[in-house]
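Engineer: Full structure from sequences and hints, please.
So in the working numbering the end of the sequence shown lands on 479, straight run, no missing numbers.
Everything hinted at is true.
Label pairs and their calculated CB-CB ranges:
#1 S189 to A458: 22 to 32 Å
#2 D254 to T216: 29 to 39 Å
#3 M123 to T273: 39 to 49 Å
#4 N344 to V184: 47 to 57 Å
#5 W278 to D449: 31 to 41 Å
Taking lysine-lysine and the DSSO-like style, the derived pairs with C-alpha atoms no more than 27 Å apart in a straight line are:
#6 K179 to K36
#7 K349 to K405
#8 K262 to K391
#9 K206 to K179
#10 K206 to K262
#11 K206 to K128
#12 K60 to K349
#13 K405 to K334
#14 K192 to K206
#15 K60 to K367
#16 K113 to K170
#17 K172 to K192
#18 K367 to K334
#19 K391 to K419
#20 K113 to K179
#21 K170 to K192
#22 K334 to K349
#23 K262 to K419
#24 K391 to K405
#25 K395 to K262
#26 K128 to K36
#27 K405 to K262
#28 K192 to K179
#29 K367 to K349
#30 K405 to K367
Note that these hints are calculated values from the structure, not bench results. Think of the CB as a built atom: it goes at the ideal place given N, C-alpha and C, for glycine as much as any other residue.
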Amino acid sequence: MKRMKKYSYILLALPLLLGSCEAYLDVNPKSEVTDKELFSTAEGCEDAIYGIYTEMGTNKNLFAYALTFGYPELMTGNFTISQSDNMAYVVQRLWEHENAVTVAENLWINGYKAIGYVNKALMHVLPKSDDEFRHIRLYKGELLALRAYLHFEMARIFAVPFASGDAAAKAKAIPYVTKYGMEVTPYSSLEKVFELIVADLTEAEKYLAADEELVTATRTNASDGFTSCRITHLNLYAVQALLARAYWTMGNLDLAEDYAEKVIDSGKFPLMTTAEAWNAVETGTLNMQETVFGLYSTQYTYNFYRNHIYQGGTLALSGQYSEIYTTDQSGTDKRYSAWFDTGNSWCIKHYNKMYAQGETNPTYSGKSIPGPSLIRIPEMYYIVAEANLTKDPDKATEYLDYVVKSRDLTPFADRETGKITESNIINERRKEFFADGEDFFNMKRLQLDITMPGGNFAGTDDATYTMPVPQSVEDNYRQ
Numbered sequence: 001m002k003r004m005k006k007y008s009y010i011l012l013a014l015p016l017l018l019g020s021c022e023a024y025l026d027v028n029p030k031s032e033v034t035d036k037e038l039f040s041t042a043e044g045c046e047d048a049i050y051g052i053y054t055e056m057g058t059n060k061n062l063f064a065y066a067l068t069f070g071y072p073e074l075m076t077g078n079f080t081i082s083q084s085d086n087m088a089y090v091v092q093r094l095w096e097h098e099n100a101v102t103v104a105e106n107l108w109i110n111g112y113k114a115i116g117y118v119n120k121a122l123m124h125v126l127p128k129s130d131d132e133f134r135h136i137r138l139y140k141g142e143l144l145a146l147r148a149y150l151h152f153e154m155a156r157i158f159a160v161p162f163a164s165g166d167a168a169a170k171a172k173a174i175p176y177v178t179k180y181g182m183e184v185t186p187y188s189s190l191e192k193v194f195e196l197i198v199a200d201l202t203e204a205e206k207y208l209a210a211d212e213e214l215v216t217a218t219r220t221n222a223s224d225g226f227t228s229c230r231i232t233h234l235n236l237y238a239v240q241a242l243l244a245r246a247y248w249t250m251g252n253l254d255l256a257e258d259y260a261e262k263v264i265d266s267g268k269f270p271l272m273t274t275a276e277a278w279n280a281v282e283t284g285t286l287n288m289q290e291t292v293f294g295l296y297s298t299q300y301t302y303n304f305y306r307n308h309i310y311q312g313g314t315l316a317l318s319g320q321y322s323e324i325y326t327t328d329q330s331g332t333d334k335r336y337s338a339w340f341d342t343g344n345s346w347c348i349k350h351y352n353k354m355y356a357q358g359e360t361n362p363t364y365s366g367k368s369i370p371g372p373s374l375i376r377i378p379e380m381y382y383i384v385a386e387a388n389l390t391k392d393p394d395k396a397t398e399y400l401d402y403v404v405k406s407r408d409l410t411p412f413a414d415r416e417t418g419k420i421t422e423s424n425i426i427n428e429r430r431k432e433f434f435a436d437g438e439d440f441f442n443m444k445r446l447q448l449d450i451t452m453p454g455g456n457f458a459g460t461d462d463a464t465y466t467m468p469v470p471q472s473v474e475d476n477y478r479q
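Structural biologist: The following block contains the structure:
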């Protein structure tokens, strides 16, 4: 399969590329020569961008575990973890314990390391004229989007929510780093961080106009170059979805709705509405209809598989969540049967045996792309529904019902009340994004209380949802 061969090559080349990322990030004259050579060709620019995506998808402290089915899912009690694991101290919000500090340091260091890779590439790519390489505008757009996306993830973890009453914490959120080098970037306020996120995404959107043609409604996993498999790149529609997500996080639901509708109205990401589409769902891979952006990552799929095999109970759906699938509905929820082993409630949403060592019965069909879906189209419908709860309740119900019907449930419009509430949207999000690492951040935005084995945590307490910046980072800033 072309795609597998392409990325196998990239993964094999990664030690060289990210080895040049050690070379590539060293500040010395020899490094500068290497950089100029790397970015002197279109292939070199593309290899650098592929290397960043690969770092994101294979690093356990990023999207291969921590930022997907790791930290966010553990923090809500969706999954449990061994008490010997460092993350157990994070789950209990024992933020000053050395094990929790280690987790925070790993997240911070690896997140900003990836941002460093992006800024180094931007330093070479942005000054180039738009006619230097055929796809130079795509390179610029994707890199700007990557910088915004990675900062967005850092802010979701280390910054307090917009609803926080702690003015001092909101005034000092995270650094938004836009330059590569030894200069220390000062912290920005929460408002400024999101202003910069929106600015980078808005600029990226301009560069990615070609995706109107490159992203097709019917997709395959064939890889014929940089412009194929655009759902594994931060494409135009992923950027618009991130703008919707950013404005939604900020509480600007009108602008969030505008961008969410752009993605929906593109027609490129149809909801699964047929039995054939649901039967084609392959766990542990990107959804070829509904994924707006995801990463190619066999490491992610293997990590989930390993947790399932060796720590199966930790991936079990707790009673409080299984009840949502079975009671808050009219019909049989497709998600429950497709994403869970209903015999024991184990989550198999990202479970695929394809690369497990010694596996004699792999499940990978070769027709999809292994890895995490980081943006899926249902999220855009939920944003539109929430934006209209008060100003246009009929539209709110209509947009939530698009997803509800595609999951084989009776539309809310046809139920006794005929309308939806905020709780309906919260519950639908919870069912849709279980194990994806997204629901935690909706709960953080709304400051919802968390009840889980081992403790109850108040939503209005910033310590419930916000990981403190490690002291080692603060010490470096004072030096």
